[in-house]
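Listed in order, the protein sequences are those of chains A and B.
The opening residue of the first sequence carries number 79 in my numbering; numbering runs sequentially from there.
The opening residue of the second sequence carries number 94 in my numbering; numbering runs sequentially from there.
Keep in mind the hints are simulated off the structure, nothing from the lab.
Take these hints with a grain of salt, some might be off.
What the hints assert, rightly or not - Cut-off 27 Å, straight-line C-alpha distance, at most; resulting in silico cross-link-like pairs (DSS-like, lysine-lysine):
| no. | chain 1 | residue 1 | chain 2 | residue 2 |
| --- | --- | --- | --- | --- |
| 1 | A | Lys163 | A | Lys134 |
| 2 | A | Lys261 | A | Lys224 |
| 3 | B | Lys179 | A | Lys207 |
| 4 | B | Lys195 | A | Lys163 |
| 5 | B | Lys179 | A | Lys163 |
| 6 | A | Lys137 | A | Lys126 |
| 7 | A | Lys207 | A | Lys145 |
| 8 | A | Lys134 | A | Lys172 |
| 9 | A | Lys207 | A | Lys172 |
| 10 | A | Lys224 | A | Lys163 |
| 11 | A | Lys163 | A | Lys207 |
| 12 | A | Lys110 | A | Lys134 |
| 13 | A | Lys145 | A | Lys126 |
| 14 | A | Lys207 | B | Lys217 |
| 15 | A | Lys304 | A | Lys145 |
| 16 | B | Lys217 | A | Lys224 |
| 17 | B | Lys195 | A | Lys172 |
| 18 | B | Lys195 | B | Lys249 |
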Amino acid sequence: MEDNKPASFVDQLVVPGDVVLDLSKMGNQTVKLGGGLHQDCDAITVTKAGRLRFSKPNKYWVESSQKRYVPCVEDTVLGIVVDSKADNFLVDIKGPALAFLPVLAFEGGTRRNIPKFEAGTLLYVRVVKANTGMNPELSCTDASGKAAEFGPLKDGFMFESSTGLSRMLLSSPTCPVLEALGKKLSFEIAVGLNGRVWVNASSPSTVILVANAIMNSESLSVVQQKIMVDKLLQRIQ
Amino acid sequence: MQEREEAEELVTPGEVLGKGSQLKAGRGAYFLPQNDTVYASLTGRRSLIPPSPLSSDQRPTVEVTGHSAHGAIPEPGSIVIARVTKVMARMASADIMCVGPKSVREKFTGIIRQQDVRATEIDKVDMHSSFRPGDIVRALVLSLGDARAYFLSTAKNELGVVSAESTAGATMVPMSWTEMQCPLTGQIEQRKVAKVGGQA
Chain A
79 MEDNKPASFV
89 DQLVVPGDVV
99 LDLSKMGNQT
109 VKLGGGLHQD
119 CDAITVTKAG
129 RLRFSKPNKY
139 WVESSQKRYV
149 PCVEDTVLGI
159 VVDSKADNFL
169 VDIKGPALAF
179 LPVLAFEGGT
189 RRNIPKFEAG
199 TLLYVRVVKA
209 NTGMNPELSC
219 TDASGKAAEF
229 GPLKDGFMFE
239 SSTGLSRMLL
249 SSPTCPVLEA
259 LGKKLSFEIA
269 VGLNGRVWVN
279 ASSPSTVILV
289 ANAIMNSESL
299 SVVQQKIMVD
309 KLLQRIQ
Chain B
94 MQEREEAEEL
104 VTPGEVLGKG
114 SQLKAGRGAY
124 FLPQNDTVYA
134 SLTGRRSLIP
144 PSPLSSDQRP
154 TVEVTGHSAH
164 GAIPEPGSIV
174 IARVTKVMAR
184 MASADIMCVG
194 PKSVREKFTG
204 IIRQQDVRAT
214 EIDKVDMHSS
224 FRPGDIVRAL
234 VLSLGDARAY
244 FLSTAKNELG
254 VVSAESTAGA
264 TMVPMSWTEM
274 QCPLTGQIEQ
284 RKVAKVGGQA
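Okay, chain A solo, but in the shape it has when bound (with noise of 0.2 Å):
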């Protein structure tokens, strides 16, 4: 249940410092608060700028990108090794500070085969542990321990995006840009919810292509994401 205000907040742009929820007004459900929104008493404030979301039956939260990483648990990220120690790995993952990832945390890991990483090595990761105040743990397995895609990524290119744009792109359906070109090209992406993204395929060309065709499509709406692709496309062909 939305709030009763006639002038209802929820896919709004807000600022910090909007009171968007009175909760004295909406009875005695409870309602869960996302990322983006504090508890005063009983108004509700948002501290991130953003668009203000709602999800039945009762969570709200402010979805806003930024260049920045905050690093929660779950999430999978590209990360670029800087270290590594005895009992694990330096990562940078864009955040307020390096990632540790476990030298044993692969599949089939033991003391005897641990992987060797140079610094500069591109990872896909996921978060394990994300405290405040600590440094993040990562995995290079899934929940279950199998490998499922996580570890090195090999040549390609790596450019940085905001992290609004990587939520995009990994949404679904899939995004149209990535469909679009997806129908004309053949490439390999993997998209770090930290704000980077890495993409390759068999000719240069095509992964300069597929790296500008995302880059534009952060503010173009569906229609204009499909028109852009096309003028990409018809410069290379």
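Here the structure of chain A is known, so what remains is to put chain B in place on it, guided by the hints.
Just chain B now, with coordinates in the frame of chain A:
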């Protein structure tokens, strides 16, 4: 000199304090048999303690008390109050503030390792649900540890988090030995709480 006088001389390590035949080496001093001399080993004020009339050896004891002797120094077995500064996967580091009832004058660091947080199930301890940065803990000094920090332990009922602030900024109220509740928002946070007070 039977009493200690305020205008005692300042001595530095290596200074001769007297002959071994006339003085016994106390705290901050040592005796070299080859030279039969008592030397100072600390920087501080030299003071003489008169011998007790019952002992057979009637030599006064000379001791050197340093400036930082005014503040307390953590010893193995003493209960300290510390503020947690960093929480990591296997240990938490804390700044020791008081030793027993006295506050310290210089900075001492302590480390609480994962196996020293509590007495039961020590390999399943989650450091993040035991301490957070900024918590005030009561701990026992296990040993002098390494060059950087003392080793502390909270593995007893009366040791652990004494005072903590919630994410909303209010001082939390302890609810059990694992939980504390914020009075402003009602949120429950996990800590290793100390059992304070005499009665059960």
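Quick rundown of the hints versus the structure:
1. Pair hint Lys163(A) plus Lys134(A) does not hold up; C-alpha atoms about 46 Å apart against a cutoff of 27 Å.
2. Restraint check for Lys261(A) and Lys224(A): the C-alpha separation of about 31 Å exceeds 27 Å, so the hint is violated.
3. For a cut-off of 27 Å, the pair hint linking Lys179(B) to Lys207(A) stands: about 16 Å separates their Cα positions.
4. Straight-line distance between C-alpha atoms of Lys195(B) and Lys163(A) comes to about 40 Å, which puts the hinted pair past the 27 Å bound.
5. With a C-alpha separation of about 20 Å, the suggested pair Lys179(B) and Lys163(A) falls inside the 27 Å cut-off, and the hint holds.
6. Using a Cα cut-off of 27 Å, the hinted pair Lys137(A) and Lys126(A) holds, with the two alpha carbons roughly 17 Å apart.
7. Between Lys207(A) and Lys145(A), the direct Cα distance comes to roughly 21 Å. Compliance with the 27 Å bound is thereby established for this hinted pair.
8. Between Lys134(A) and Lys172(A), the direct Cα distance comes to roughly 32 Å. Violation of the 27 Å bound is thereby established for this hinted pair.
9. A hinted pair counts as satisfied when its Cα atoms are at most 27 Å apart, and Lys207(A) with Lys172(A) qualifies at roughly 16 Å.
10. A hinted pair counts as satisfied when its Cα atoms are at most 27 Å apart, and Lys224(A) with Lys163(A) qualifies at roughly 24 Å.
11. Only pairs whose Cα atoms come within 27 Å are accepted, and Lys163(A) paired with Lys207(A) is accepted, the gap being roughly 19 Å.
12. Restraint check for Lys110(A) and Lys134(A): satisfied, since their Cα atoms lie roughly 10 Å apart, inside the 27 Å limit.
13. Note on Lys145(A) and Lys126(A): the hinted pairing holds, with a Cα-Cα distance of about 14 Å set against a maximum of 27 Å.
14. At most 27 Å may separate the alpha-carbon atoms for a hinted pair to count; Lys207(A) and Lys217(B) meet this at roughly 15 Å.
15. A threshold of 27 Å between alpha carbons decides the hint, and for Lys304(A) with Lys145(A) the separation of about 25 Å falls inside it, so the pair holds.
16. The straight-line distance between the Cα atoms of Lys217(B) and Lys224(A) is roughly 23 Å, inside the 27 Å bound, and the hint therefore holds.
17. Among the hinted pairs, Lys195(B) with Lys172(A) is inconsistent with the structure: their alpha-carbon atoms are about 44 Å apart, more than 27 Å.
18. In summary, the hint linking Lys195(B) to Lys249(B) is supported, as the alpha carbons are separated by about 22 Å, within the 27 Å threshold.
The earlier numbered hints that this structure contradicts are 1, 2, 4, 8 and 17.
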